[in-house]
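A.B. asks: Residues per chain, in single letters:
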Amino acid sequence: MKRLFLLMFFLNILFAVNAQKYITKNGYIGFYSHTSMEDIKGDNNQVVGALDISTGELVFQALIKSFHFDRALMEEHFNENYMESDKIPKSVFKGKITNLSAVDFSKSGTYDITVEGDLTIHDVTNKISTKGTIEVVSGGINANSKFKIVPEDYKVTIPGVVRDKVDKTVEVTVTMKYTPMTTK
Amino acid sequence: MKLYIKISLFVVLVVAVSGFLYALMLYNQKHTDTAKAKPDFVITSTVLQKEFEDNEKAASSKYINKILEVTGNILSVTPVDSAKTNISLNTGNNVSSVICTFPVLDHSKIKIGEEITLRGECSGFTQLFPGEPPLDVLINNCSKVPKR
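Top to bottom, those sequences are chains Z and P. Position one of the first sequence corresponds to residue 950 (our numbering), numbered consecutively onward. Position one of the second sequence corresponds to residue 62 (our numbering), numbered consecutively onward.
Don't read these hints as lab results, they were simulated from the structure. Since no wrong hints were added, every one of them can be taken at face value.
Simulated pairs of lysine-lysine, DSBU-like, Cα-Cα distance not exceeding 35 Å:
no. : chain 1 : residue 1 : chain 2 : residue 2
1   : Z       : Lys1036   : Z       : Lys1117
2   : P       : Lys145    : P       : Lys127
3   : P       : Lys205    : Z       : Lys990
4   : P       : Lys118    : Z       : Lys970
5   : P       : Lys118    : Z       : Lys1095
6   : Z       : Lys1036   : P       : Lys111
7   : P       : Lys127    : Z       : Lys1043
8   : P       : Lys127    : P       : Lys172
9   : Z       : Lys1036   : P       : Lys145
10  : Z       : Lys1095   : P       : Lys205
11  : Z       : Lys1056   : Z       : Lys1045
12  : Z       : Lys1039   : P       : Lys145
13  : Z       : Lys990    : P       : Lys170
14  : Z       : Lys1039   : P       : Lys127
15  : Z       : Lys1043   : Z       : Lys1126
16  : P       : Lys123    : P       : Lys172
17  : Z       : Lys1097   : P       : Lys118
18  : P       : Lys145    : P       : Lys118
19  : Z       : Lys1080   : Z       : Lys1126
20  : Z       : Lys990    : P       : Lys118
21  : Z       : Lys1076   : Z       : Lys1117
22  : Z       : Lys1095   : Z       : Lys1126
23  : P       : Lys91     : P       : Lys111
24  : Z       : Lys1056   : P       : Lys172
25  : P       : Lys91     : Z       : Lys1097
26  : Z       : Lys1043   : Z       : Lys970
27  : Z       : Lys990    : P       : Lys172
28  : P       : Lys111    : P       : Lys99
29  : P       : Lys145    : Z       : Lys990
30  : Z       : Lys1076   : Z       : Lys1036
31  : Z       : Lys1104   : P       : Lys145
32  : Z       : Lys1126   : P       : Lys145
33  : P       : Lys91     : Z       : Lys1036
34  : P       : Lys91     : Z       : Lys1039
35  : P       : Lys99     : P       : Lys145
36  : Z       : Lys1117   : Z       : Lys1039
If you want a taste of the chain P side facing chain Z, the calculated C-beta under 8 Å gives, among others:
no. : residue
37  : Tyr88
38  : Lys91
39  : Thr139
40  : Val141
Quick reminder that beta carbons are idealized off the backbone N, C-alpha and C, glycines included.
Build the full structure now, drawing on both the sequences and the hints.
C.D. replies: See below:
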């Protein structure tokens, strides 16, 4: 009986901790760059992400090979020439909401947030800071952000022939629809 | 005009035109049609996820970039944009799954809990917390395989 209580006690802690964590496996990260020839757009709908609402910690992981382009050739070049996805399969973001007190997770609504953290692309890590929103909805939390990065900061080298045609910055869009993490 | 000049001009022209056509063909190349492609591996979602969990290096070099025909029970159906749908397949271990993105999908015959067979390209796996579950295997460019 004592053991049972102990077990229940620990299970309770487990659930209490997990209630603070929200996850998604169907998150979206896309990027867009305008060029004089044509626009470059890649979409990834298989991003995993977690948000801890007690600490404001955020983490995303995106597989490079899961970025999809309309043109098969563009997808091939992206993987083989620019991102070297066989060697470096993932991109990761680890960061924190810096104004967590501005968000009331118990009340539906949209809240402006600032996120700071480390973005790792192509094995190069840079500090980034961006604005975004947290949307508290019934049954979950949505997070949205849009920011710009410079591929050269991540040692993604664009060959001379196309360099002038590719915009120096790339716009990144993040859309996450989190649900509470459950342990079955 | 001398004959050899004519011939060389003709050769140059042929090379230029075929080069241009080849470049155009490459540029307009379509994605692999997984509905028609022959699978490299036929596997269940449970076995596939377990192989990645047991030895991610071996499974990565075996499956990534290959066309897989995967059978599993549908855990969830998530429309991700106006056309695309993600289907998660059960792997029997509660937290991990095989996540499959369909560019287009007819939802009328898709039911949670039912078995589905699909064909797609394996992109690898994601694991948010290294060494800890969940570890999800990702399949892209999926098409549904009709029941035989």
